[in-house]
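Please arrange chain B on chain A, whose structure you already have, making use of the hints.
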Amino acid sequence: MAMTQTGRPTQTMGGPRPAVSAAKPRRKWFTWRKSTPYLLILPAVLLELLIHVIPMIVGIWMSFIELTQFFITNWGEAPFSGLGNYEIALDFSGPLGWQLLRSFGLTLAFTLLTVGISFGFGMSAALALQRFGRGRGLIRTLFLIPYALPAYAGIITWKFVLQRDNGLLNELLMNLHLTGDRPFWLIGSNAFVSVVVVSIWQQWPFAFLMIMAGMQVIPDDVYEASAIDGANTWQQVRHITLGMMRPINAVLVLLLFLWTFREFNTPFVLFGPTPPESANLLTAHIYNSSFITWNFGLGSAMSVLLMLFLILVAGLWALWNRRVNRDA
Amino acid sequence: MREQLSFRIFRWVVLIPLGLFTLMPLYVMVTSALKPLPDVQGPFEWWPSNLTLRPFVDIWTTVPLAEYFVNSLIVTISATVFSVIIAIFASYAISRYRFRGRGAFSGVVLSTQMFPGVLFLLPLFLVFVNIDKALGDTFLYQTRLGLIVTYLTFTLPFSIWMLASYFDGIPRDLDESAQVDGASAIGALFRIILPSARPGIVAVAVYSFMTAWGEILFASQLTNSESRTLSIGLQNYSTEVNVYWNQVMAASLVVSVPIVVGFLILQRYLVAGLTAGAVKS
Chain A
125 MAMTQTGRPT
135 QTMGGPRPAV
145 SAAKPRRKWF
155 TWRKSTPYLL
165 ILPAVLLELL
175 IHVIPMIVGI
185 WMSFIELTQF
195 FITNWGEAPF
205 SGLGNYEIAL
215 DFSGPLGWQL
225 LRSFGLTLAF
235 TLLTVGISFG
245 FGMSAALALQ
255 RFGRGRGLIR
265 TLFLIPYALP
275 AYAGIITWKF
285 VLQRDNGLLN
295 ELLMNLHLTG
305 DRPFWLIGSN
315 AFVSVVVVSI
325 WQQWPFAFLM
335 IMAGMQVIPD
345 DVYEASAIDG
355 ANTWQQVRHI
365 TLGMMRPINA
375 VLVLLLFLWT
385 FREFNTPFVL
395 FGPTPPESAN
405 LLTAHIYNSS
415 FITWNFGLGS
425 AMSVLLMLFL
435 ILVAGLWALW
445 NRRVNRDA
Chain B
6 MREQLSFRIF
16 RWVVLIPLGL
26 FTLMPLYVMV
36 TSALKPLPDV
46 QGPFEWWPSN
56 LTLRPFVDIW
66 TTVPLAEYFV
76 NSLIVTISAT
86 VFSVIIAIFA
96 SYAISRYRFR
106 GRGAFSGVVL
116 STQMFPGVLF
126 LLPLFLVFVN
136 IDKALGDTFL
146 YQTRLGLIVT
156 YLTFTLPFSI
166 WMLASYFDGI
176 PRDLDESAQV
186 DGASAIGALF
196 RIILPSARPG
206 IVAVAVYSFM
216 TAWGEILFAS
226 QLTNSESRTL
236 SIGLQNYSTE
246 VNVYWNQVMA
256 ASLVVSVPIV
266 VGFLILQRYL
276 VAGLTAGAVK
286 S
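Quick note, the sequences are listed as chains A and B, same order.
Take 125 as the starting number for the first sequence in my numbering and just add one per residue.
Take 6 as the starting number for the second sequence in my numbering and just add one per residue.
So here's chain A without its partners, still in its complex pose:
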């Protein structure tokens, strides 16, 4: 993995030992010109080591020790447990492994729904606003507001909307006579619907923004030429817009997937630290397992598994993307 190699730039900066350069005095091992890029990235490399590489190594190490509440402040004494934490996490017949598997399946469903619908919304809105004329800028701005809003402000407003007795949603359902009784949206199985809807509300403007920007790259004369050839709007959408957007869409869907799969804000603000079972997304589950029972070893093992899964997804995506590009 690339992570372990960050140390390299700083090491290469020193170049060969001075002893070597003494033997060949004409080839200086250190020149300002050659070392400029290393000096430029040095602060970033040091900081990356401090905030990413070292915590990551510590995190992986934590997953191999029995780091329970007794050892949080004297972690050096926590007993080594080998793959013990992983065995617990992946033992699907045990209660903890079963909960993890359940949470994983739930998160996958949540992610596919959120990404699919957000992408669909973004694409539809971008298409609808193509050659819209006056008012396009205003509508675009309105659509982007959820994206600009701080996450918690948007989600906490939804929490109010979804309240059983004084929320907007149930009032609307009652006014339309769609339900006889006020359903609960933040507990029970409806919580899943709520968390999907709220995260779509936050995600789709980003998809919309990226797709809009991608569409601007397509030159106008492509459309004009096809119009002369007699293509109607739908044919243009299918053959030109969607066709030329494919590379951007591929990147966008991957990004949305990776972000959505680790979503934490929505369940945390909607339900508090302990979400109902139907909305117990993976990051929230790991968070809970770590901070409520203070079992950091198990929490780290689950984080590592989550990371491995995301790497696997990104890797498969890269393979697929390369093959599609080669065939095209």
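Honestly, the hints are just simulated from the structure, not real lab data.
Mixed in with the good hints there might be a few duds.
[Unchecked claim] Cβ pair distances, simulated, as ranges:
{"id": "1", "chain 1": "B", "residue 1": "Val62", "chain 2": "A", "residue 2": "Ile181", "range": "44 to 54 Å"}
{"id": "2", "chain 1": "B", "residue 1": "Leu56", "chain 2": "A", "residue 2": "Gly367", "range": "48 to 58 Å"}
{"id": "3", "chain 1": "B", "residue 1": "Tyr102", "chain 2": "A", "residue 2": "Ile435", "range": "24 to 34 Å"}
{"id": "4", "chain 1": "B", "residue 1": "Leu271", "chain 2": "A", "residue 2": "Asp305", "range": "39 to 49 Å"}
{"id": "5", "chain 1": "A", "residue 1": "Asn299", "chain 2": "B", "residue 2": "Pro176", "range": "52 to 62 Å"}
Note that the coordinates shown come from a computational prediction; the quantities given were computed from them, not determined experimentally.
Where a beta carbon is used, it is the ideal one built from N, C-alpha and C, also for glycine.
Using the frame of chain A, we list chain B on its own:
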């Protein structure tokens, strides 16, 4: 060119429901912030029957909102400024030089961006607690300094990645000719690149600010009553029996307005800055 009727129908079938979906919570936020408490406790009122500005006064005393605000400002601005400055140098190197380790470095920067925050939260928590224990004082655990460090975990890689692609869009001839004329690499960066990259730098700074301003995961464990930021503090408008929904909405509005207005004013830069990177990759 004429558009077909079906496309014109599609346009409105898409835009109207999406508009309602997007704006509905915003409508709830604004109108509920103007209602007295009893009116947000009963069934939802579509139109406020008793308008009041009282919640906007009360929000500052129900919880120490001003303190949360100051904490959020300090943490967010520090993380943003620090990561943008470091990113300017690193991105310049990535964009203008081919050197050994370049691929590895940008690989790390890109990959850490997609890793889940919880992966970093647990080790940072542990490291902070133990550093503080070793030093015999609280420097990092649940302090603003500690929170700034954790916020760099996402603002820094993001800033480097976005700025590097922005620098790539600036013609090389510009800084190369400056270097031929005798300017150093740093001179070319400051005199040529930075002035023409101003929109990109503004975009990166605003995005870092926005992400840090809305961050919840780290703030939920790594702040205490003194270092509490808005993202967690906003959830304190409730007692055992009561949630002051009108105040929650008023406070949400107050903490959102500066961000949303800033975003809308700078929208053109931001969209260009963000998509420059994404479209290219």
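Ascending list of hint numbers which this structure does not respect: none
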